[in-house]
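Colleague: Start from the sequences, fold in the hints, and give me the full structure.
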Amino acid sequence: MVYIVGLLSIVFLALAFMVFGRLTNVMKGVSNPQEGEEQYGSTSNKINGAMFMVFLILGVVAATWSFIHSTQYFLPQASSEHGRRTDTLFWVSMAIVTGSALLTNIFLFYFAFKYQYKNGKRATYYPENHKLELYWTVTPAIVMALMVFTGWQAWRDIMSEAPAGAQEVELIGKQFNWIARYPGVDNNKLGNYNYKLIDNNNDTGIDFSDENAFDDFTNTTELHIPVGKPVLIRIRARDVLHSVFIPHMRVKMDAVPGMPTRFWFKPEKTTEQMRNETGNQNFKYEIACTEVCGRNHFAMRLNLVVEDEDSWKKWCAEQKPLLTSFPEYASRIPANLKAKAAKYLPSADSTATASAGGVAASGNASLR
1 MVYIVGLLSI
11 VFLALAFMVF
21 GRLTNVMKGV
31 SNPQEGEEQY
41 GSTSNKINGA
51 MFMVFLILGV
61 VAATWSFIHS
71 TQYFLPQASS
81 EHGRRTDTLF
91 WVSMAIVTGS
101 ALLTNIFLFY
111 FAFKYQYKNG
121 KRATYYPENH
131 KLELYWTVTP
141 AIVMALMVFT
151 GWQAWRDIMS
161 EAPAGAQEVE
171 LIGKQFNWIA
181 RYPGVDNNKL
191 GNYNYKLIDN
201 NNDTGIDFSD
211 ENAFDDFTNT
221 TELHIPVGKP
231 VLIRIRARDV
241 LHSVFIPHMR
251 VKMDAVPGMP
261 TRFWFKPEKT
271 TEQMRNETGN
281 QNFKYEIACT
291 EVCGRNHFAM
301 RLNLVVEDED
311 SWKKWCAEQK
321 PLLTSFPEYA
331 SRIPANLKAK
341 AAKYLPSADS
351 TATASAGGVA
361 ASGNASLR
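In my numbering, the protein residues as written are 1 to 368.
These aren't lab readings, by the way, just hints derived from the structure by calculation. Some hints here could point you the wrong way.
[Said to hold, decoys possible] In the DSS-like style, the derived pairs of lysine-lysine whose C-alpha atoms are separated by at most 27 Å in a straight line are:
#, residue 1, residue 2
1, K114, K131
2, K229, K314
3, K320, K196
4, K313, K343
5, K340, K314
6, K189, K320
7, K266, K189
8, K269, K313
9, K320, K229
10, K46, K118
11, K121, K46
12, K229, K284
13, K189, K340
14, K252, K284
15, K313, K340
16, K269, K229
17, K266, K229
18, K314, K343
19, K189, K269
20, K229, K313
21, K229, K252
22, K252, K313
23, K320, K284
24, K269, K314
25, K189, K229
26, K313, K284
27, K313, K266
Modeller: Now the structure itself:
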């Protein structure tokens with residue numbers, strides 16, 4: 001580090017001396033215009049013109065090297081259907097912007113070299129050229145319009161309603177972890193929730209007055225999804241602003257308190273496939289938070305497991321619904337739904353709730 005600082009100090013001093021020398025020449029030109037004009041035109045201007053070309057060449061070489069060197073840190077090909085489309089738009093846009101910047105800078109530096117001041121040479125008066133102005137106005141306008149239109153098309157398709165039959169899951173962000181909620185294997189419908197019902201065990205506020213909530217279960221360490229099937233992620237936050245980010249799937253969506261959001265995508269590579277492609281047997285898809293949400297924001301992550309549908313269904317079947325793990329929530333179930341909830345409760349509670357449901361049903365029948 002000391003050597004780098006020393007080298008930079010030497011470079012700084014050299015540049016300072018060069019600037020001082022140039023200022024001296026300028027001051028000579030001010031005190032003696034004729035002599036200064038001749039000296040500036042014959043010496044300094046040639047040096048400046050040559051430096052423009054040297055800077056252009058070195059700049060292009062450095063930028064090219066930087067890009068090639070950085071490719072090792074690029075993300076691999078997207079693992080989702082919309083991700084590849086997003087990547088294509090990104091690289092097309094980068095090619096257009098980079099090509100335009102390179103072309104305009106080549107002209108800029110070359111013209112500075114070619115048309116440098118020379119004694120006795122006068123600039124040509126070129127008042128206007130309507131055709132040229134039309135070209136350099138219309139051409140960028142058409143290119144920009146095409147870029148905006150294709151980007152809008154992609155955004156419209158990506159943010160459209162999820163296809164029918166998409167697998168639903170819910171991600172809830174809180175300081176400082178994610179909670180995944182699943183609709184269970186009996187149906188693909190998440191139950192209702194209410195923030196007022198949140199407690200130490202029911203950390204997502206599942207509302208058991210809704211029969212679709214009976215088989216819902218949660219997980220705070222992994223999110224499992226099937227490959228090759230549209231997945232709809234319903235997103236919300238319990239406390240402050242968070243942001244769901246799945247880099248390999250090209251998924252990013254804010255989790256906003258009081259304003260549920262959503263994002264759907266179609267994963268096309270399982271975790272095992274990515275391990276084989278990358279050669280890293282420890283590879284894991286990761287869900288991170290990309291919105292600074294507090295001092296432990298850096299640790300807010302969740303593993304994403306993408307697997308074939310049979311393995312995914314098997315994993316889901318092994319999970320216990322929240323109602324099974326905490327049967328005390330049965331007291332929140334309406335009397336007319338207790339019979340339906342019985343199969344999710346432990347056997348002793350099942351008998352009790354089923355009997356209660358039967359008694360309630362008989363009572364209702366006698367009332368009729």
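Colleague: Mind checking the alpha carbons of K189 and K269 for me, to see if they're no more than 27 Å apart?
Modeller: holds, 25 Å
Colleague: For a C-alpha distance cap of 27 Å, please report whether K252 and K284 respect it.
Modeller: Satisfied, since the Cα-Cα distance of roughly 18 Å is no more than 27 Å.
Colleague: Given the hint that K269 pairs with K314, test it: the Cα-Cα distance must not exceed 27 Å.
Modeller: Cα-Cα ~19 Å, so holds.
Colleague: For the pair we were handed, K189 and K320, check the Cα-Cα distance against 27 Å.
Modeller: holds, 16 Å
Colleague: Please verify whether K229 and K314 have alpha carbons no more than 27 Å apart.
Modeller: holds, 16 Å
Colleague: Sort out whether K313 lies within 27 Å of K252, counting only the CA atoms.
Modeller: holds, 26 Å
Colleague: Within 27 Å, alpha carbon to alpha carbon, are K229 and K313?
Modeller: Distance of about 13 Å is within 27 Å: holds.
Colleague: Next pair to validate is K313 with K266; report whether the Cα-Cα distance is within 27 Å.
Modeller: Measuring from Cα to Cα gives roughly 17 Å; hence the hint holds.
Colleague: Given the proposed pairing of K189 with K229, does the C-alpha separation stay at or below 27 Å?
Modeller: Distance ~16 Å between K189 and K229 Cα, so the pair holds.
Colleague: Holds or violated: are the alpha carbons of K320 and K229 at most 27 Å from each other?
Modeller: Satisfied, since the Cα-Cα distance of roughly 24 Å is no more than 27 Å.
Colleague: Between K229 and K284, is the straight-line Cα distance small enough, at 27 Å or below?
Modeller: Satisfied, since the Cα-Cα distance of roughly 19 Å is no more than 27 Å.
Colleague: Is the hinted pair K269 and K313 satisfied, with a Cα-Cα distance of at most 27 Å?
Modeller: holds, 17 Å
In terms of the numbered hints stated before, the structure departs from none.
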